[in-house]
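A.B. asks: Could you build all of it, start to finish, from the sequences and the hints given here?
So the chains spell out like this:
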Amino acid sequence: MKKTKLGEFEELVLLTVIVLKEDAYGVEIKRELEERLKETLSVGSIQSALKRMEEKGFLKSEFGEATAVRGGKRKRIYTATPLAVQTLEEIKEVRTQLWASIA
Amino acid sequence: MSKNSSHITPPKWSTRLLRLFLRGQYLEEIQGDLEEVYHDLLGKYSKSKARRIYHLEVLKLIRPSLIRKFSGSEKLNNFGMFKHILLISIRSFQRHKTTFLINLLGLSTGLAATLLILLWVQDERSVDTFHEKNDHLYWVMSNFSINNDVNTWNYTSGKLAEALLNNFPEVKDAVRVGNDFFRPRGTIAFDENYFEANGLFASPNFFEVMTYEMLIGDPEKVIADKGSVTISDEYAQSIFGSIENALGKTISWDNRIFSKEFIVSGVFKAPPKNASIRFNIVLNYENLVEADEWADHWNGGYAQTYLLLKQDTDIDAFNAKIADYLTINTDSDRFQLFVQQYSKNYLYGKYESGIQTGGRIDNVRLFTYIAIFILAIACINFMNLSTAQASKKLKEVGVKKAIGANRTALIFQFLSESILLSIIALVVAVGLVMLVLPQFNHISGKELTLISWKEYILPALSLVLLTGFVAGSYPAFYLSRFKPVTVLKGKFSNLRGEEWIRKGLVIVQFSLSVIFIIGVIVINKQIDFTQKKSLGYDREAIITFREAGSDYSNPQPFFNELMKIPGVLSTANMSGDFLAADDNNSGFSWIEGTEDDDNHLFDSPKVGFNFIETLGLEIVEGRSFSRDFNDGVSSIILNEAAVEYMELENPIGTKIGWGDDREMEVIGVVKDFQYGSLHKKIEPLIIQFRERGKQYFVKLRPGSEQETIAQVEKVFQDVFPGQIFSPSLLADDYKSLYDSENKVADLSNYMAAIAIIVSCLGLFGLAAFTAERKTKEIGIRKTLGASQLIIFQLLTNVFTKTVAIAILISVPIGYYIANSWLQNFAYSIELSWWIFAIAAISAMLLAWFTVGIQTIKAARQNPVDSLRAE
Numbered sequence: 001m002k003k004t005k006l007g008e009f010e011e012l013v014l015l016t017v018i019v020l021k022e023d024a025y026g027v028e029i030k031r032e033l034e035e036r037l038k039e040t041l042s043v044g045s046i047q048s049a050l051k052r053m054e055e056k057g058f059l060k061s062e063f064g065e066a067t068a069v070r071g072g073k074r075k076r077i078y079t080a081t082p083l084a085v086q087t088l089e090e091i092k093e094v095r096t097q098l099w100a101s102i103a
Numbered sequence: 001m002s003k004n005s006s007h008i009t010p011p012k013w014s015t016r017l018l019r020l021f022l023r024g025q026y027l028e029e030i031q032g033d034l035e036e037v038y039h040d041l042l043g044k045y046s047k048s049k050a051r052r053i054y055h056l057e058v059l060k061l062i063r064p065s066l067i068r069k070f071s072g073s074e075k076l077n078n079f080g081m082f083k084h085i086l087l088i089s090i091r092s093f094q095r096h097k098t099t100f101l102i103n104l105l106g107l108s109t110g111l112a113a114t115l116l117i118l119l120w121v122q123d124e125r126s127v128d129t130f131h132e133k134n135d136h137l138y139w140v141m142s143n144f145s146i147n148n149d150v151n152t153w154n155y156t157s158g159k160l161a162e163a164l165l166n167n168f169p170e171v172k173d174a175v176r177v178g179n180d181f182f183r184p185r186g187t188i189a190f191d192e193n194y195f196e197a198n199g200l201f202a203s204p205n206f207f208e209v210m211t212y213e214m215l216i217g218d219p220e221k222v223i224a225d226k227g228s229v230t231i232s233d234e235y236a237q238s239i240f241g242s243i244e245n246a247l248g249k250t251i252s253w254d255n256r257i258f259s260k261e262f263i264v265s266g267v268f269k270a271p272p273k274n275a276s277i278r279f280n281i282v283l284n285y286e287n288l289v290e291a292d293e294w295a296d297h298w299n300g301g302y303a304q305t306y307l308l309l310k311q312d313t314d315i316d317a318f319n320a321k322i323a324d325y326l327t328i329n330t331d332s333d334r335f336q337l338f339v340q341q342y343s344k345n346y347l348y349g350k351y352e353s354g355i356q357t358g359g360r361i362d363n364v365r366l367f368t369y370i371a372i373f374i375l376a377i378a379c380i381n382f383m384n385l386s387t388a389q390a391s392k393k394l395k396e397v398g399v400k401k402a403i404g405a406n407r408t409a410l411i412f413q414f415l416s417e418s419i420l421l422s423i424i425a426l427v428v429a430v431g432l433v434m435l436v437l438p439q440f441n442h443i444s445g446k447e448l449t450l451i452s453w454k455e456y457i458l459p460a461l462s463l464v465l466l467t468g469f470v471a472g473s474y475p476a477f478y479l480s481r482f483k484p485v486t487v488l489k490g491k492f493s494n495l496r497g498e499e500w501i502r503k504g505l506v507i508v509q510f511s512l513s514v515i516f517i518i519g520v521i522v523i524n525k526q527i528d529f530t531q532k533k534s535l536g537y538d539r540e541a542i543i544t545f546r547e548a549g550s551d552y553s554n555p556q557p558f559f560n561e562l563m564k565i566p567g568v569l570s571t572a573n574m575s576g577d578f579l580a581a582d583d584n585n586s587g588f589s590w591i592e593g594t595e596d597d598d599n600h601l602f603d604s605p606k607v608g609f610n611f612i613e614t615l616g617l618e619i620v621e622g623r624s625f626s627r628d629f630n631d632g633v634s635s636i637i638l639n640e641a642a643v644e645y646m647e648l649e650n651p652i653g654t655k656i657g658w659g660d661d662r663e664m665e666v667i668g669v670v671k672d673f674q675y676g677s678l679h680k681k682i683e684p685l686i687i688q689f690r691e692r693g694k695q696y697f698v699k700l701r702p703g704s705e706q707e708t709i710a711q712v713e714k715v716f717q718d719v720f721p722g723q724i725f726s727p728s729l730l731a732d733d734y735k736s737l738y739d740s741e742n743k744v745a746d747l748s749n750y751m752a753a754i755a756i757i758v759s760c761l762g763l764f765g766l767a768a769f770t771a772e773r774k775t776k777e778i779g780i781r782k783t784l785g786a787s788q789l790i791i792f793q794l795l796t797n798v799f800t801k802t803v804a805i806a807i808l809i810s811v812p813i814g815y816y817i818a819n820s821w822l823q824n825f826a827y828s829i830e831l832s833w834w835i836f837a838i839a840a841i842s843a844m845l846l847a848w849f850t851v852g853i854q855t856i857k858a859a860r861q862n863p864v865d866s867l868r869a870e
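Protein sequences, first through last, are from chains A and B. Going by our numbering, the first residue of the first sequence is number 1, and it counts up by one from there. Going by our numbering, the first residue of the second sequence is number 1, and it counts up by one from there.
Bear in mind the hints are in silico, worked out from the structure with no lab data behind them. Fair warning: there could be bad hints in the mix.
Said to hold, decoys possible - When the alpha-carbon atoms are kept at most 25 Å apart in a straight line, the in silico PhoX-like pairs for lysine-lysine are as follows:
{"id": "1", "chain 1": "B", "residue 1": "Lys60", "chain 2": "A", "residue 2": "Lys51"}
{"id": "2", "chain 1": "B", "residue 1": "Lys60", "chain 2": "A", "residue 2": "Lys60"}
{"id": "3", "chain 1": "A", "residue 1": "Lys73", "chain 2": "B", "residue 2": "Lys12"}
{"id": "4", "chain 1": "B", "residue 1": "Lys60", "chain 2": "A", "residue 2": "Lys5"}
{"id": "5", "chain 1": "A", "residue 1": "Lys73", "chain 2": "B", "residue 2": "Lys49"}
{"id": "6", "chain 1": "A", "residue 1": "Lys38", "chain 2": "B", "residue 2": "Lys60"}
{"id": "7", "chain 1": "A", "residue 1": "Lys38", "chain 2": "B", "residue 2": "Lys44"}
{"id": "8", "chain 1": "B", "residue 1": "Lys47", "chain 2": "A", "residue 2": "Lys73"}
{"id": "9", "chain 1": "B", "residue 1": "Lys44", "chain 2": "A", "residue 2": "Lys73"}
{"id": "10", "chain 1": "B", "residue 1": "Lys60", "chain 2": "A", "residue 2": "Lys73"}
{"id": "11", "chain 1": "B", "residue 1": "Lys743", "chain 2": "B", "residue 2": "Lys446"}
{"id": "12", "chain 1": "A", "residue 1": "Lys73", "chain 2": "A", "residue 2": "Lys60"}
{"id": "13", "chain 1": "A", "residue 1": "Lys38", "chain 2": "B", "residue 2": "Lys47"}
{"id": "14", "chain 1": "A", "residue 1": "Lys56", "chain 2": "B", "residue 2": "Lys60"}
{"id": "15", "chain 1": "B", "residue 1": "Lys49", "chain 2": "A", "residue 2": "Lys38"}
C.D. replies: Right, dumping it as structure tokens:
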């Protein structure tokens, strides 16, 4: 596969970012994933995954709006890069092939 | 959700923590995220739970990818400081090479000695602790009172184990094994090959209670019946070639207790190195009962009884409950039972008058102290030399303080210097330990390895940090105190006080060294004394060996064959062991019409014909055992002490009753001789007669010993086929009675040497320093006409006084310690004055020699060289 590896959890976070579109910021990603995975996640795990992927070039980010609930602090909205989309597709491809050969 | 939610702020200290460690560029985003989460949490849970989760969330943010990097401005500062300290330390090591080497050498030798001793202590402490149920495993001891004295025995009745298990709810399980006298040894035959056996009678549940891992076979069943034995893996290897081959094989075993065939039912892992009991074959205790019904009798003492007590048993209360249990079950009220933790017995095995008084733990303590002292001496060197150099470092301190360094930074710097040094010393020390470990094992009789080092890394490191800290603390706190202004002006006001401390430390060092010297002299003199003291019998050129089989036929044919060998001067036999001196009996009566006179416990060896002649015991009255008089079990010989004790005026012909029905007659009196080691006083002794003892003694004609021993072996093999011939010299056996003292002597010789060398190193360094500081003074004195001798005296006097004080302090302490050590012996050397004189003089000479090298150099210097510099 590619030199840049994508961890399992990272893959989930990345997909969630794509799903959430312009709502993709820390807490919202956490909520979405918790609901889908049916388990509690910590802010730390989400944030460190986001930061790692940003460093690897899978994500871009920019500051969004500030809300009262956040004590006036701005959100950081994440978007997936073309590299991320490409990598995700490759992974999916490999998996599909594997499943196909099982059947 | 509450209305004024926007005002709720999360817990403050967590937020503060967050600010502290989180990377600056992530702070706003993540803090915002957290506040939002907290807000959500408050909607779901109570405030306190929400807070708790929030704290947790903050803690979970401590991840490498999120926390601040050790870079940026903070990093540069710290790093720079470390680099600076390292550089300064290395430079100062380089500049003061002598001091550095002395410190390094001293600390590393000290550390190496300490590490070795720690290794040894650790090993001693681990003995017998490998049993899984160690915490609740107890050994039943009995105090036997006789004649206002109490003997403590580690063996009890064979019936006790089961009875205690059935009658005391505290007892979870109980094991009996045959005691030390009833260990089946002899030889095992398989396929025409013979193997030395070291057996143990044990109850069937032995392997369930004690942890000796069973490799093949079911621990509950291996010795369930009388016909099966289980053997150790090593033994199986040597008999059958592999452990798998052993199972189901039939072996025949011949020893003094029985001669039978057994089927191998299991293989256990041989007892580990730190087991106090060693054996290679285990069989059912019933075999002993079959051979000797007393093994299962309340009045017998054939067994050792181990108990597994329930977790919450109150040991004192339990001891009180079982104390008179034997009185209830036997016809004697002399026994008091108590339990001691099984693994403690190795270190705390010595009893006096029924009270625990130490044992091997004394040596463990002794060496722990020695280790601490050696390390202390090495630390003192470091402290002394660094304070001595204070004047050289004062400028550095002054400049640093002027630039703005605070005291903490300086303390930190000096401490890191000393810790750095001790880490280097540790590396050297570990190297030294590896180098001398084989030799150390040889002396201490252990098999210590560095493989088990993983467990020691942490203690060793903390030891080093502690050493570095202790050694460096004084200079660190002392040097960092100076005021920059005074220091830079060149005024050192309080150097006098400092010199006193230095002297005090040297006094401590040399006191310890003198004590070590005294100890070494006393120990070696005493060891020498034990070897040279006349014991009242010959032990040179006599070999002794045992025939371990079950055959008790008349030994006369064997003697006849032996006497045909030209190199054999005489032969004898006895039953039991002579040097162990553990054969004793009570119940003798020597006044007509009475029985059991005051129940004295007499030493009572049982010997055969010619024994007295072969060992050269001196008959002072009457005669020795002789065939001409048809002597049998009713003839006895007393020693002088016994004659005196019984107050017999005409001992020859005196009738002495024993037990219910035996009457014996005194046929002779021997001069007092040392029965056993010199730890024991010469006591009243009744020598009894046994014709068929199996411990043999052969006196060899000097000159052709090797040859004769080979011939003796041949005769032995002919007469006792299948028995193993393993002779030893009586003199060597005697020497090994002092094994533990010899080990202590050897070890303390080395340790004392190390202590003294390290002390001298320190003194050497100090002398070098003093000479250097007084260079100008010496120069001026010499120009004014002082001779080299005067200069020499000037420099030496200080040290002479210091060492003299050290001697004054240490002699009484040394006397006290040596005296209490000698109390262990019934016969010991006199502590004469010259021992202390030698110690004092050698310490003084050593000090002069050490200082002298430096001083002579200084005294011979041309004053021009030293004065020109200004």
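A.B. asks: Each of the hints needs a verdict: does it hold here or not?
C.D. replies: Cross-check of the supplied hints:
Our distance criterion of 25 Å between C-alpha atoms is met by B:Lys60 and A:Lys51, whose separation comes to about 15 Å. A distance of roughly 24 Å separates the Cα atoms of B:Lys60 and A:Lys60; the hinted pair therefore holds under the 25 Å criterion. Proposed proximity of A:Lys73 and B:Lys12 is supported: the alpha carbons are some 16 Å apart, at most 25 Å. For the hint linking B:Lys60 to A:Lys5, the alpha-carbon distance of about 24 Å falls within 25 Å, and the restraint holds.
Note on A:Lys73 and B:Lys49: the hinted pairing holds, with a Cα-Cα distance of about 24 Å set against a maximum of 25 Å. Taking the CA atoms of A:Lys38 and B:Lys60, the gap is near 20 Å; set against the 25 Å cutoff, the hint holds. As the CA atoms of A:Lys38 and B:Lys44 are separated by approximately 17 Å, the hinted pair is consistent with the 25 Å bound. The hinted pair formed by B:Lys47 and A:Lys73 meets the criterion: a straight-line CA distance of about 22 Å does not exceed 25 Å.
Annotation: proposed proximity of B:Lys44 to A:Lys73 holds, straight-line Cα distance about 22 Å (limit 25 Å). With a CA separation close to 21 Å, the supplied pair B:Lys60 and A:Lys73 stays within the 25 Å bound. A hinted pair counts as satisfied when its Cα atoms are at most 25 Å apart, and B:Lys743 with B:Lys446 qualifies at roughly 11 Å. Between the alpha carbons of A:Lys73 and A:Lys60 the distance comes to roughly 19 Å, so the proposed pair stays at or under 25 Å and holds.
With a C-alpha separation of about 24 Å, the suggested pair A:Lys38 and B:Lys47 falls inside the 25 Å cut-off, and the hint holds. With a C-alpha separation of about 22 Å, the suggested pair A:Lys56 and B:Lys60 falls inside the 25 Å cut-off, and the hint holds. In summary, the hint linking B:Lys49 to A:Lys38 is supported, as the alpha carbons are separated by about 20 Å, within the 25 Å threshold.
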